[in-house]
Structure formats: C-alpha cells, structure tokens
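> Chains Z and Y supply the protein sequences, listed in that same order. Take the first sequence: its position 329, counted from the start at 1, is 322 in our numbering, and no numbers get skipped. Take the second sequence: its position 345, counted from the start at 1, is 338 in our numbering, and no numbers get skipped.
Careful, some of the hints might be misleading.
Which copy is meant is left open, so a pair is good if it fits within one copy or across any two.
[Claimed, not checked] Keeping only pairs whose Cα atoms sit at most 25 Å apart, straight-line, the calculated DSS-like set for lysine-lysine is:
1) Lys51 - Lys307
2) Lys119 - Lys105
3) Lys18 - Lys361
4) Lys119 - Lys137
5) Lys9 - Lys224
6) Lys358 - Lys381
7) Lys361 - Lys415
8) Lys137 - Lys9
9) Lys152 - Lys354
10) Lys236 - Lys119
11) Lys354 - Lys339
12) Lys354 - Lys119
13) Lys9 - Lys339
14) Lys51 - Lys296
15) Lys296 - Lys361
16) Lys307 - Lys354
No lab work stands behind these hints, which were simulated from the structure alone.
Okay, here's what each chain looks like letter by letter:
2 protein chains.
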Amino acid sequence: MTSYLEMTREELLEEKERLEAEYKKVKALGLNLNMARGKPSPEQLDLSMGMFDLIDSKTALISGGTDCRNYGDVDGIAEAKELMAGFMDCRPEQVIVFGNASLNVMFDAVAKAYTHGVLGSEPWCKLDKVKFLCPAPGYDRHFKITEHFGIEMINVPMKADGPDMDIIEKLVSEDAAVKGVWCVPKYSNPQGITYSDAVVRRFAALKPAAEDFRIYWDNAYAVHDFDGEDKDVLLPLLDECEKNGNANMVYEFCSTSKVTFAGAGISAMAASVENLDSIREQISVQTIGYDKINQWMHVQYLKDMDGVRAHMAKHAAILRPKFEVVDEILSREITPLGIGTWIKPKGGYFICFEALEGCAKVIVKKAKEAGITLTGAGAPFPYGNDPKDATIRIAPSYPSVDEMRQATEVFVCCVKLASVEKLLSE
Amino acid sequence: MTSYLEMTREELLEEKERLEAEYKKVKALGLNLNMARGKPSPEQLDLSMGMFDLIDSKTALISGGTDCRNYGDVDGIAEAKELMAGFMDCRPEQVIVFGNASLNVMFDAVAKAYTHGVLGSEPWCKLDKVKFLCPAPGYDRHFKITEHFGIEMINVPMKADGPDMDIIEKLVSEDAAVKGVWCVPKYSNPQGITYSDAVVRRFAALKPAAEDFRIYWDNAYAVHDFDGEDKDVLLPLLDECEKNGNANMVYEFCSTSKVTFAGAGISAMAASVENLDSIREQISVQTIGYDKINQWMHVQYLKDMDGVRAHMAKHAAILRPKFEVVDEILSREITPLGIGTWIKPKGGYFICFEALEGCAKVIVKKAKEAGITLTGAGAPFPYGNDPKDATIRIAPSYPSVDEMRQATEVFVCCVKLASVEKLLSE
C-alpha cells in the first residue's frame, strides 16, 4: 500500500471513488453499534454476580463493632478502607470510602472548595478567577465538572509519559489562580498512557503559588491491566508528596465501577490525614453515611488485593481480545497509509485515535451515518474543543469481539474517506 | 401527688432530699443506655433481611430495558420512581430516585442553589444575605446544613397543627432574602406533629417575595404510623401547590432509611417537572448515576404501597410499645407534678419533652451522669440554641422496651430533681 501522503492527486481521486463505493455498501448494512462509552459488557458484569451468593436473610452484616445496616461510620467501614487503600497503594487511615460513583466524590471535592475553600483558604466562589490545568486529551466528565463551576480550563499537551511537566510546573508555580490539575495517571482516558516515575516525581515536587492547589489524581484504572505480567506500574503519588513535604497536595480517587458493577460499586478517596479530617467534617453535615452493606459485600467478595488481581484477570481475558482486534485492524489498514496514530494500551478502557488534522468531526459523522456511534469529536478536550480536530476516543469494552471487528472495519473506511477528502482539499 | 408548682418551700426541700437519695441510687446502678439518636433497633433492621433472599448470582437485574448493574438512568429506574411516588402521593414523573441518604439530597439541593441558583436565579453565594425559616423545635441535621452555608436561620414557633403560619406568611412575602423553610410535615422531628390540612393549604398558597424560595418538605415519616387505622394523614403539598399555580415552590424528600436499612436504603425527591429537569441536568454533571441494584432490590422486596404498609405494620409492632412505655411513665410521674408536657405521637421516631424553662440542659447533664445519653439540649433549635432551655428530644427506637422503661424512670428522676432545684432557686 502507498501512503496517502505520497499519492498523486489522480491516485487520491481514484482511491476516493473506490472508498465511496465501499462506504455506500457499509451504510447499506444498517449496522447499529456503539463504541462511545466506556461501559463494561454484560459478560464482565456477570463476573461479580457471585457477590450475591454471599448474602441472604441470615447473614450477619457486621464489620468490627459496626452493624452495616444501621447509621454510623460516616467515612466507611474499616475493612473497606483497607481494601481501597490497596487499590491506591496507601494506608487505610488515608482513605474515606464513599458510595457508588467516584465522579460524585470528585464533584463534591470541587464543590466543597468552591463553597468553603480548602483547609481554611478563601472559598473559590469569592474569587474573581479560578483555573484548572487540563492535560488533554483527557476525561470529558472531569472537564464538565470544572466547566460547571465556571473554572477556566487550560489545555496541557500530553506526551508519551504523561502531561508536559514543563508547562505544569510553570503555571502552577507562577499563577495563584491555578487551583488544580485533572489527572488519570494510569492507562489515561483516553490515550492509555501511564505517567512515568519521573513525571510522578515532578508532580510530587510542585511548588504551587496557591496554598489550596490540589492534584486531582483519578486513579480510575489502578488495577485494570490486560496482562498480569506485562503491565504498567504507577509510582504512588501520596508517598512521593509526603517525601517532598507536600502531603496535602493530592486528592486521589478510585472506585470498583469497572471491577464489580459500573452502577453499583464503591468508591474511595485517599489524601493526607489533615485533608481527610476536613473532608470528614464536611461530609458529616452532608450525609448520615454511605451504603455500608455494599461496602461489606465488596470486602467479602474481593477480600484483598490478591483477590482483586485474580478478579481483574477475568476482566482482562474478556477485554484484551477486543482491544487486540482494534489494534490489529488499525495496524493493517491505517498505519501503511500514514493517516492515523494511536498507542496500544496495556490496560484501561480506551484507544485514542489521532487522525489527520481537521478530520475527527468528519470521521465521527461518517461513522454515525454508517451506524457506528463514537464519542463526539472534541469531547476529550475542555469545552469540547479539540484545537486540531484530530482526536477520536474508541471504547471497545461493550460490543462483542465480532461487533468490534465489524465496527472497526467501518471506522477504518470512514477514516480513509475523510483523509482522502482532506488531502484533496489542500 | 401534689404539683411541684403548688408546693411550699419546705415541701420542695423535703422532696429534693428524697430525690437526691433516689438519684444517688440510680447512679450507682452504672447504667449505659442511649436515647439520643433516632436509630432503628437491630430487630427492626432484621425485618428487611428477606430482601437478600430475592437475589443470587443467577438473578437478572433488569428493570425495563435497563441493566441495573451498568451505567445509565441517572435519575433512577422507572419502577423505583413509581414506588417512591407512592410514599409522597405524587406522580412518578415528579420523582428522582437517589442513593441511600435523603439528607445528602437535601444538602445537595441547598448546595446547588448556593453555587448555581434555582431555575436561573442569582446563586446564593453571590448574595449578601440568605435566610431560612426554621420551625423549631425541628431536625438538627437540617439546621446544620443551612448553618454550613452561612444561611441566617430564623426560628418559627410550632403550634399544635404545624408552624405558626402567620409568621411564615409575613416573612416569606415581605423578605426576598428568605429562600427556604425546613419542614418535617408528618410526625415532625421531634414533636410528632402532623401539619393540618389548613396549614398545608397555607403553605401551598404562599406568595414569596423571592422567586427562588422553596419549601424544603422532608417527608421523612410518610409511612411511619404506629397504627394502620388511627393514624395522621398529610395533605399532599405538591398537589396543593399545583392548584395554586405554585408548582415550582416545593422540594419534597423521603427515603426508606427507616423502612428498610438506616444506612443502606434508597432516597427520593419529588418536585415539579421544571424543577426536576434542572436538577437532572446538574446531577448529570455530578455523577454517573445512583445505585440501581439497591433500587431494584427495594422494588422487589417492598413491591408497592400495600407492601410498604404491611411492612411498616411490623415496624409499628416493635416501636409502639417503646413509645407507650415512655408515655405511660411520664403520664404517671410527671403530669401530676406540673413540670413537663409532651405530645403522644401516632408515628415517627421521637417524643419531645417540654420541661420547665431553664431545665433542659440540667436534665440532660444529670441523665448523662446516671448513664442515660439524651440528645444534647438545644439540638432541635437553630445554632443549638433553645431560647427557653426547655426542650428535650427522646428517641425510644433503639433500646429494648425494658431498657426504655429503665431509662425513662431515670429520666423522670432527673426531671423531678432539676425542676425542684429550679423552683427553689426562684
């Protein structure tokens, strides 16, 4: 195959004609497939159904001295703190266990800073300007939270081993309006990048101008490796921050949404004891406590980190072939043509396709017309605005392997057609 | 028995000596009983354990087209909306179903108004002054929420059939800084008063100066009757508001915390469709959704309002004797002495004892020293400040009937002693 970038105008026109015919055939198939959302498949959800065999009307729902059915233990049962500390490589006293959605915990963390400040700082709602750094492409739901609170978002480019730390160091140390940075440090959403030790250490050594600056460290894919051996390892940021005298600088989040049930897992936050004391005080006003029966069930089912790893190996067996089929087809069809790049991730939930500049929206639109729903172009960027209009997030988890194969073939056709059109228009 | 109010100084001194001897004996018993918190007893929690026999690893957790295990349906599954609409006498489209704590839903409702306003109004954090009306005695956790956001709380006296509506009507219509009123309209916490039809109708007909004024209607004890026949009936406020063209004026809240599990029930909010659309938009930023497996389990177990009523009759059988023993002892020991009053409630979780002015703190302290923990004096008032120092909340639900008898006997001794001391000091 000849790279499109090396084709003559005549060759491109010929290719376009061929692709249009192919695209017409694809549309006629009347497909209806969804690669938009990082949703676990039913088969993955089935992996945790055994949880419900551990409980019946005779079960004693007791953890330590706590009746999990009643009020009390607003910050979670001790056994759940221990379990979730394992996810985040930290100590149980650095953990609060919450309800089913870590997104809600992150929203509340920002909301609390907005209404009450952070450890005695001025509430953000009283400030003229609050800014967040947003390594991008990133997670659209993070950006929606900061947008909701009118926080100015600043794009930071991603490099192969994490965000561009030169930019982050400069902005954090120079601008006291910069109050936070959103990170998905392991198998990042959507690129699948794990931050290198050097990047984590540079985060831990930041010297923020703002005392209420926090790193919002969403360790969503902490245990979500495709291979128990050949996996990425993330340096624990809390430890590194402590070593630098920056113990208060990080809020870490995680959940079992993609371990047990997407809609009914448990979530947790890790932070310094000083940060947690303040948050505990606030949640004591906010709630009578989170669902401790679900916490108890998760502990009984997953037991400990060995249990979690064994469980995640079953997820990997389901997910890996779906990612492989995408990688295989893209490698075969796209790489020789020079019209797209991506990173083959070792875990997580996404593949991030980088098309020729100006092609992402057109590709998503063409795919939609052929029955393939992709995440909206631009979604992985603050304000939904991809400056290059080039990034497309692919979520292979929900469809079957066969469906993913079919959907990726259609996607490839759309990428080719959009690329040819783009090259011809130049 | 002679009323203390009619005793001579000599008689009071004699009585005091007798009571001091009795109190000394009581202290020597080394009791350790808690009447402070409206917690269901383990026996009550056992009533819902059958829920866990309805689910095992083979159960299809499907509601309509929704897999309850996965993401989706941010505002709750349809069957749960229908169930919770029954609690609040409204239509399912007026309901959003949340997680386990209705307190959290109320906190978030106030927080959202603080950060973003209500249906386009100015966010409260941008205003110089925001006020809430607080019928008192009331629920301490309500007052803690408004205090947390720096909202000025104004006491409104309670009458036999609800808050003093003359005061509420005047303040709501005259002062645009008044943005809300906290209500527990059925079996009110702590007095056990149910608002009369006339009071509900006056609420529904309010003409607020502030467009973003809402009635925060915490229908916590909607189905918590002690007797299926001889029970209080609350007029549905949402209906009445609609009739008055005030559909947007009420946020209603309820939960199954005292139906199934105090720490692991489901909660709901009812409001106009316009209010809910706005709230739905906000929670779509805040979370990926609430625990739908728990919603599903609640629907399977409780089924419908007939199921709920049958279930609540079992709670009543456990609770009623505890309330009766308190009422019986107080009637026998306190009424003839003229040193305290209370209302005998037909449901709910509390008995509210009204002591002689200036005696509440002393009684609570004396009880504590004798091993009986009561809710702190003042707690049922904004800022923890009972202007008369007279109100004591008694929570009979958690201890056994025998323990309640013992605790009430001690309480009575403390009331008598404190009253004699008070009368002698005048």
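> Would you mind marking each hint as holding or not holding in the structure?
These are the hints, each one checked on the structure:
In this homomeric assembly, Lys51 and Lys307 come within 25 Å of each other (Cα to Cα) only across copies, at 18 Å, whereas the closest approach inside a single copy is 30 Å. For the identical chains of this complex, Lys119 and Lys105 are neighbours both inside a copy (13 Å) and across copies (16 Å), given an alpha-carbon limit of 25 Å. For a Cα distance limit of 25 Å, the shortest separation of Lys18 from Lys361 inside one copy, 15 Å, qualifies, whereas the shortest one across copies, 82 Å, does not. For a Cα distance limit of 25 Å, the shortest separation of Lys119 from Lys137 qualifies both inside one copy, at 21 Å, and across copies, at 22 Å.
In this assembly of identical chains, Lys9 and Lys224 lie within 25 Å of each other by CA distance neither inside one copy nor across copies; the values are 40 Å within and 77 Å between. For the homomeric pair Lys358 and Lys381, the shortest alpha-carbon distance inside one copy (16 Å) is at most 25 Å, but the shortest distance between copies (69 Å) is not. For the homomeric pair Lys361 and Lys415, the shortest alpha-carbon distance inside one copy (19 Å) is at most 25 Å, but the shortest distance between copies (80 Å) is not. Proximity of Lys137 and Lys9 under a CA criterion of 25 Å is satisfied in neither setting, with 38 Å inside one chain copy and 67 Å between copies.
Taking CA atoms no more than 25 Å apart as the test, Lys152 paired with Lys354 passes inside one copy only; the shortest distance there is 23 Å, against 64 Å between copies. For the identical chains of this complex, Lys236 and Lys119 are neighbours neither inside a copy (33 Å) nor across copies (40 Å), given an alpha-carbon limit of 25 Å. In the homo-oligomer, the alpha carbons of Lys354 and Lys339 never lie at most 25 Å apart, since the shortest distance is 27 Å inside one protomer and 63 Å across protomers. Proximity of Lys354 to Lys119 under the C-alpha cut-off of 25 Å is found in neither arrangement, the shortest distances being 38 Å within a copy and 39 Å between copies.
In this homomeric assembly, Lys9 and Lys339 never come within 25 Å of each other (Cα to Cα): the closest approach is 35 Å inside a single copy and 79 Å across copies. In this assembly of identical chains, the alpha carbons of Lys51 and Lys296 lie at most 25 Å apart whether taken from the same copy (20 Å) or from different copies (21 Å). For the homomeric pair Lys296 and Lys361, neither the shortest alpha-carbon distance inside one copy (43 Å) nor that between copies (41 Å) is at most 25 Å. In this assembly of identical chains, Lys307 and Lys354 lie within 25 Å of each other by CA distance neither inside one copy nor across copies; the values are 35 Å within and 60 Å between.
In summary, the structure is inconsistent with hints 5, 8, 10, 11, 12, 13, 15, 16 from the numbered list given earlier, while agreeing with the others.
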